[in-house]
Structure formats: structure tokens, C-alpha cells
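Visitor: Given next are the chains, with one letter for each unit.
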Amino acid sequence: MAAESWAVHQKIEIPFQYTAGPAVTRFLEGLKDKLIVASVCSKCGRRSVPPLSFCGRCWRPIAEFISVSGEGTLLSFTRRAGGDVLYGMIQLEGTDSSLAHYVTGEVGRLRIGCKVAAVWRAGRTGSILDIEGFREVGN
Amino acid sequence: MMGRVVIVGAVQTRYEPRKAHQAINELVYEVVAGLLKQTGVRMQEIDSMVTASQDAWDGKTISSMSVNEVVGAYLKSEAKVAADGIQALIYGAARILAGAFDYTLIVAHCKESEGQPDEITKVMFDPFCERPLGLNDAVAAGLQARRYISVAGIDSRALALVSQKNHRSAKRNPLAQRSGDYSLDEILAAPSFADPLTELMAGPRSDGACALLLASAEKAAAFGDRAVCIAGMGNSTDSYWTDRDLSEAEALRQAAQRAYTKAGISPDQVDVAEISARYAHEELLYGEALGLWKREELSALLAEKNPLRKRTKVNPSGGPITGNPTTVAGLARVAEGYLQLAQLAGDRQVPGAQVAVAHGASGVCGQSQSVVILRRGNA
Ligand SMILES: [Zn+2]
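If you read the sequences in order, they're chains A and B. The opening position of the first sequence corresponds to residue 2 in the numbering used here, with each subsequent residue numbered one higher. The opening position of the second sequence corresponds to residue 377 in the numbering used here, with each subsequent residue numbered one higher.
Do not rely on the hints blindly, as some may be mistaken.
To be verified - With a Cα cut of at most 30 Å, we get these calculated DSS-like pairs of lysine-lysine:
{"hint": "1", "chain 1": "A", "residue 1": "Lys12", "chain 2": "B", "residue 2": "Lys436"}
{"hint": "2", "chain 1": "B", "residue 1": "Lys547", "chain 2": "B", "residue 2": "Lys638"}
{"hint": "3", "chain 1": "A", "residue 1": "Lys35", "chain 2": "A", "residue 2": "Lys116"}
{"hint": "4", "chain 1": "B", "residue 1": "Lys638", "chain 2": "B", "residue 2": "Lys681"}
{"hint": "5", "chain 1": "B", "residue 1": "Lys595", "chain 2": "B", "residue 2": "Lys547"}
{"hint": "6", "chain 1": "B", "residue 1": "Lys681", "chain 2": "B", "residue 2": "Lys670"}
{"hint": "7", "chain 1": "B", "residue 1": "Lys498", "chain 2": "A", "residue 2": "Lys35"}
{"hint": "8", "chain 1": "B", "residue 1": "Lys498", "chain 2": "A", "residue 2": "Lys116"}
{"hint": "9", "chain 1": "A", "residue 1": "Lys33", "chain 2": "B", "residue 2": "Lys498"}
{"hint": "10", "chain 1": "B", "residue 1": "Lys686", "chain 2": "B", "residue 2": "Lys670"}
{"hint": "11", "chain 1": "A", "residue 1": "Lys116", "chain 2": "A", "residue 2": "Lys33"}
{"hint": "12", "chain 1": "A", "residue 1": "Lys12", "chain 2": "B", "residue 2": "Lys681"}
{"hint": "13", "chain 1": "B", "residue 1": "Lys638", "chain 2": "B", "residue 2": "Lys686"}
{"hint": "14", "chain 1": "B", "residue 1": "Lys547", "chain 2": "B", "residue 2": "Lys686"}
{"hint": "15", "chain 1": "B", "residue 1": "Lys413", "chain 2": "B", "residue 2": "Lys452"}
Unchecked claim - With the Cβ distance kept under 10 Å, some of the chain A side facing chain B (calculated, not the full set):
{"hint": "16", "residue": "Ile13"}
{"hint": "17", "residue": "Ile67"}
{"hint": "18", "residue": "Ile113"}
FYI, nobody ran anything at the bench for these hints, they're computed from the structure. It should be emphasised that the depicted structure is a prediction, and the values quoted were computed from it without experimental measurement. All residues carry an ideal CB built from backbone N, CA and C; glycine is no exception.
Work out the full structure, taking the sequences as your base and the hints as a guide.
Guide: Structure follows, in C-alpha cells:
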């Protein structure tokens, strides 16, 4: 008997249909019309994008949704080694959370705190990818 | 002060990039058998076990099924947590404090070599707004690292200093996967991981397991100095990573406060801190939240000959940045704290250590935080 140990190669593939729920559905639907929907907690007033259906801080459901600007501030950015996209965390104007997305444009010009704006894709389908990414629009 | 539960033994495997000769159950058997040998307790005496493993990493749901037999769970009371093993330890301690069991075996395992970390950690993220972008743990770590150093007013050289210190400490830890005397330039010039993190500022992909044995106060007496008291424990969970300030670790601050209060110990009494910092910036952020230093002191503390050394020795094992798989990392911190206080830490022993703090985290950018405070002796 050989003393070595084999490795068996397999791949797990499981299709899912994730239920988006009303808050995320509003958000995805809004993207088709270049609208970014935020949630507003009626108690603490916290505005979040992507919108939440529930404020964990106040432990209460959220029923108020507003649309916010596609412009914001870059809180951070990084590139995963071997990857060809640059990721950013963006705090959209008038919101208290951050949105993770792609950052496009000249890497050398990016600074934490710089202003960025959403770049919309044509032929939007109601997906986070309806936004191509966020472009630096001023330091 | 809380009721009494003690740790009477701790065993880890060596941490290695790929343990091709051991399936998961054999890996776990190694630490369980080692623990029985170390403690002299027989499997028949242990009637409770809490394991930690994660289905996505094991490529198998109810991942504890792979290890039920080797942890001795046959017809006994076993439960699993799908988070860092430090949470299994806290759950196991509660089982003893409830008076339900004399011993509880705690085991965590992970073979990061078997799956694909970037793909597996993608599944942690929100499927609607994040997963289509390809976000994973590495990307989140890079984003948090840049955010943190910017807000803290430090640069990537500070991250390199953390890496240098830990890889140097790991030279004294025979279980460490990666160790050595790296220059700051080498660390900064290493291949990028997710900038500003380089591969030497991020823990390598790793295989390993860790087991601890918890005992009630009555049983502890027989173990003498090898019984180490769990003096305090604390947990806290924060908001999802995009809904909080990533330059802060508020959940850890609160978890630590709960643990310190229960233990009746203040941060300036801590001799050894083992921090779950897979990424260099985490050690700085988490050490602050554990009360070991203030952010304003960081630059000065990093410039010292022994960086980050006030009273507390931080990560004498080298910590997860030198190689500890997910799920195992936090439990391994408790194991290291135990070995220090039981004076079993070999070359990495901190002389005279009386109080140790062990920390573990789970979730994207450390959403859930746990702290365990250990005190020498079983009183
Ligand atoms: Zn609220």
C-alpha cells in the first residue's frame, strides 16, 4: 500500500434565487432610472445605502426611503493583487453608511477624501452593475 | 467576578500551507490525542464537546460531521459553532459554568488549502449589492487597512513594523508557518496582497487545528499550575461592515470592557496579549480597542526598539499574520495565552506572565468580537 494521500477534485455549484425584500428591491429598481435609494431610520435618522429594511441600532423596521445623490466622498480604495479592478468605499452625499463599488479613472489622482461620482451604464437592468463605478471628480 | 472555569490543556498542530497527508479528521485527531496525552484525562471522562468549523471552508454542510468521531462525540453532547473557535470556547465555558459538565473539549479546524479563499470569502458578502462586484475578504482587508492608516495618521511603514515584529517573534514559535528577520524594505516591497497590504502584511493561507480542554473548579485542583483560570469573557457584535466606521473597533472595545469588568482586571495589568490580527493594521486597531495603547501613542510606540511594547507583550507567538487559518485563529490565541500562563510556552515564554488577554474575531472586517481574559492559577 502506498503511504501517500490522494486529493479528490470537485466543484460545488448550487443555483440560488435570493429574495431581495422590499428595501433592496426599491434600490435595484431605482438603479434602472439612475436613482440611488437610501433608507432613513425614523428614530436615529441614519441614512444607509444600500437601504436597510431594519435599523439594528434602534431595533426597529424602516419604512422611509429617499433618493440621494450619485456623488460622494471616497473613504478608501484598494486593488486585489492579480485583479484588474480597483475597489472603493464611497460615502454618498447625505448618507451615513458607505457603499462598496468600483473606482474608475486615474489611480494616481485618487486620494482618501476626494470627490467621486457614479458613472452609469447604458441599458440598465436593475443591478448594482448598472453603476459602472465611481469616477474621481475633484480632490 | 464570574464563576470558575479553568483551562487544563491546549494543543495546536504546526501551521502549514498544505497538510496534504492529513484529511480533516486526521488533523483533528492529532490535536485531540495530543491534548489527552498532555492532560492525562481519558476520553471516557469527557462528556461535552464544542467544535468550530465553517461549511464553506470545508466544502461540506454540517461540517462538524467530519470530526464528530475524532473529538469523541459518539453518543455524547456535541455542538458546533460556525464562527471563530474562540466562540466555541466561550460556549463551552458556559456549559461548565452551568454546572452541566465537568469537562468540555473545544476544537477548531480549517484547511484553507483545500478550497479557494478568494472564492469562499466572496460568499460572506451581500448577494444583491456586493457579490456581483467580486468583493472578498482580501479586498475588504485592503479597504480597511487604507482607511485605518489614513485616519490614524500613520503610513504603510507602520504596517511593515507590525509584520517585522511578529515574524521575528515567530522564530521562537516552532508551530508558526512563517517566520524570519525581514527588513522593512523587504516587507514593503513584497508582492501586493491588497494595497496597502503586501503579502508579508497578511497572514498566509494555512492549514491547522487547535484543541483546548476546559474543566470545572473541582476537577481543576488536580492539575496544579497547569490549570489556568478564565477570569472574564466578553462578546460584542457590530453593524455590517458598510454601516460602520472601519477605522474604529467599537464592538471589540465593548467586548473587552465586559471581559475586563468580569475579571476585575484593567488593561495595564495584562502581561501577554494574543490578538487575532491576520492583517497588520488589525493589530494596531485591535490593540487600541483592547486598551493596550492610545492611537496618539502609536507612532512613538512603533519607533521603540521593541515596537508596541509597553507593559504588555503583544503576540509573542507571532500571531495569525505568521499563519493561522480562519476559524482556528482566535482559539489559537487562547491556547497561546494558556501556554504562557501555564509556563509551557517554551522559547516564546514571557517570563512571569500572570495575566493574558486572548482575542478572536469573525465576519467581514471583524463584525463580531470576542475577548477572553486568563489569570494564572485556578483560584
Ligand atoms: Zn435607527
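Visitor: The structure should be examined with respect to each hint, and the outcome stated for every one.
Guide: Each hint tested on the structure:
Restraint check: the Cα-Cα separation between Lys12 (chain A) and Lys436 (chain B) comes to about 11 Å, which is no more than 30 Å; the hinted pair holds. With a C-alpha separation of about 34 Å, the suggested pairing of Lys547 (chain B) with Lys638 (chain B) is violated against the 30 Å cut-off. The hinted pair formed by Lys35 (chain A) and Lys116 (chain A) meets the criterion: a straight-line CA distance of about 19 Å does not exceed 30 Å. Using a Cα cut-off of 30 Å, the hinted pair Lys638 (chain B) and Lys681 (chain B) is violated, with the two alpha carbons roughly 34 Å apart.
Restraint check: the Cα-Cα separation between Lys595 (chain B) and Lys547 (chain B) comes to about 35 Å, which exceeds 30 Å; the hinted pair is violated. A hinted pair counts as satisfied when its Cα atoms are at most 30 Å apart, and Lys681 (chain B) with Lys670 (chain B) qualifies at roughly 18 Å. Restraint check for Lys498 (chain B) and Lys35 (chain A): the C-alpha separation of about 27 Å stays at or below 30 Å, so the hint holds. A hinted pair counts as satisfied when its Cα atoms are at most 30 Å apart, and Lys498 (chain B) with Lys116 (chain A) qualifies at roughly 28 Å.
Between the alpha carbons of Lys33 (chain A) and Lys498 (chain B) the distance comes to roughly 25 Å, so the proposed pair stays at or under 30 Å and holds. A threshold of 30 Å between alpha carbons decides the hint, and for Lys686 (chain B) with Lys670 (chain B) the separation of about 11 Å falls inside it, so the pair holds. Pair hint Lys116 (chain A) plus Lys33 (chain A) holds up; C-alpha atoms about 23 Å apart against a cutoff of 30 Å. Distance restraint check for Lys12 (chain A) and Lys681 (chain B): the Cα-Cα separation of roughly 49 Å exceeds the 30 Å cut-off, and the hinted pair is therefore not satisfied.
Only pairs whose Cα atoms come within 30 Å are accepted, and Lys638 (chain B) paired with Lys686 (chain B) is accepted, the gap being roughly 24 Å. Taking the CA atoms of Lys547 (chain B) and Lys686 (chain B), the gap is about 21 Å. The hint holds against a cut of 30 Å. Proposed proximity of Lys413 (chain B) and Lys452 (chain B) is supported: the alpha carbons are some 21 Å apart, at most 30 Å. With a least beta-carbon distance of about 6 Å to chain B, the hint placing Ile13 (chain A) at the interface is held under the 10 Å criterion.
Restraint check, Ile67 (chain A) versus chain B: the minimum CB separation of about 17 Å is more than 10 Å; hint violated. Interface restraint check: Ile113 (chain A) against chain B, minimum CB-CB distance 5 Å, threshold 10 Å, status holds.
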